[in-house]
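Let chain A serve as the given structure and place chain B on it in line with the hints.
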Amino acid sequence: MDKKSVSGKSLSASKADVIYGLVLGVMASVMMVHTFSSRYEVAHLFGDVSTMFAPRLLLGVMIALSAALVFKGLRNRGGDVLESVNTPRVVLTFLAATATTAGVWFIGFFIAMPIGIFLTGLALGYPGKLALAGTSLAGTIIVWLTLGVFANVALPTGVLF
Amino acid sequence: MLQFVPEALAQTFDVSILVALAIGTIAGIIIGALPGLGTVLGLVMALPFTFVLDPPTAVALLLAIYVSSIYGGSISAILINVPGTPQSAATVFDGYPMARRGDAPLALGYATMASFAGGIFSLAVLVLVAPQLAKVALLFGPIETFALIFFSLTTVAWVSGGEMIKGLLSATIGLFLALIGPDSMTGQIRFSFDNLFLSAGLTVIPLLIGFFAVSEILYQAATLKDVKILSVPEGGFSIPPWSAWKPRLVTLARSCGIGSFIGVLPGTGATAAVFISYADAKRRAPNPEEFGKGEPSGLIASEASNNAVSGGAMVPMLALGIPGDGGTVVMMGALTIHSVIPGVRLFSEQPDLVTQIFVLLLVANLFMVFFGALGSNLFSRMLRLPVTLLMPLVLLMSLVGAFAIRSNPVDLIAVIVFGLAGFLLRLNKFPPAPIIIAFVLGEPLELAFRQGLVLTDKNFLQFFASPIASILFAISALILLNLFGLGGFVGKYFKRNRADVRE
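Protein sequences appear in the order of chains A and B. With positions in the first sequence counted from 1, the corresponding number in the numbering used here is that position plus 218. With positions in the second sequence counted from 1, the corresponding number in the numbering used here is that position plus 82.
Looking at chain A on its own, in the form it has when it is part of the complex (with noise of 0.2 Å):
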């Protein structure tokens, strides 16, 4: 396994667990303090087996699991190596796949996919242009063919075409 990513650093999973623990933690905890709030008919912690019941016994459960998880990481230090991760192409990928969800909203399925498959391919890393932008193209006349035409299946037209 890499030891190291592109990005030149790698997480143990140790302390991956540690910080996965911290955060679902905070997060649940955070929903069990909202859970506590005005908005809902009962302030008790267990006044009734009502709206909050299961959600507060299962925060409860996630919270006790993520401190079991923190503790894990803790008792385990010095444990494998996450797999590297090449972080500039995921965050280019993430980027492409929002911009193509962004723009088949307000654009329209019609004109922002093609563009949006054929960015995701780039920042991919796949290196054929052309037959990047010619699945990109048949990919989409495909899928509109047969779902927008032949089966009917809505297809999204965007906000502002």
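FYI, nobody ran anything at the bench for these hints, they're computed from the structure. Any given hint could turn out to be false.
Claimed, not checked - Footprint (simulated), chain B over chain A, 3 or more residues, beta carbon under 8 Å:
| id | region |
| --- | --- |
| 1 | 233 to 244 |
| 2 | 302 to 312 |
| 3 | 334 to 342 |
| 4 | 347 to 361 |
Note that CB positions come from ideal geometry on N, CA and C, so glycine has one too.
Just chain B, lined up with the frame of chain A:
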């Protein structure tokens, strides 16, 4: 049920259904063969196409993809030492060495026939067990339903192996997501933070697409090492002679049984079955030292068990409305869109559809063998398609599929958000399947729990007065105790299987 078989057979030979089965089989084998796609992704991408089909045709398409994609994973496992699907992870151990010594056609023959045997065996289990289970389930009250779903969620964590905490955490995340939106008993909106979209609650399809499809795209971006097109050897197909099968029939039968049993356990899936089956076959073999060097018994054990899961996983799905694995979650979603609700009432209200599903599963397995044998060279050439070209097409189908459910642009955002969340969880080996399965089971779990507490006047101990619930709680407790290393023999059996596989 038997009285509907002639009608089901006649309907199956309708052109539209045969075409759906053929297309589904070919697509499924290709999807399974291409590493990085997988059964769930294939089903998710096919989902939009099912919206305009009638229920039997939609089920035919999805079943064909489900069955053949599991088998398709063996093609890349054998030819390029990379399992096409997680369910074929153990196939590489012996399949690839066989291919390396020039026996690729024979290896593919073993894989195809073993997959077929597994599929047919599990179909028999489905036909025999599901109707009986549905009859028993009619007797279930809220307490038994709660116990059953609770047990299902603990088995999901059980098969996470050494990462049980993460499996359980994944399940709790899924359960929490299910709580967002209106409370099923009081109607009060929960965890919406005054957001209109969250007020309506989340739906399973965008979650599925995000956690499986989009997260896979990001995961491939993160970990892909080489974007060059692979050099792939020729495939071919050769049926092994009867003399080669005869000494391995017991292994085949045991693997089918293990796969079917694991498949019936809600929330487990084929990946657990293949390792258990492989380790079991190795332990019982007269030549365990040959496993991992191209011993056909290893290949048979893996492929028979992973396809045997398919029918087994449909037992809880059809009879109880509890998904057996990620694939059955998608099928449940598709059936629900067509107003067919899997569960106890399906057998009493639509026995003809249930019989039709049985027949379709039989024909899907037959088509898998036919097309698998016929197209093995073609499918092996598909392995040259680079992942970096496929993943953008996955994004295309993901966005189309998410939007097509209810024409709500907000589902597109949900797909991206859950995709990112799924990717981040996956980086630290949080399994995605428990999230989805727990999400599907979350609402019925909470409803059954609260109804049970109301019935017992908030006395939880009364839950143990039900024999069925007590048994299910006891098994769940054993599994959970194993989390802390206290359920000794369960943990030792599972760890022994994992250790045997690694040797």
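Hint check results:
no.	hint	result
1	233 to 244	holds (count 4)
2	302 to 312	holds (count 9)
3	334 to 342	holds (count 7)
4	347 to 361	holds (count 7)
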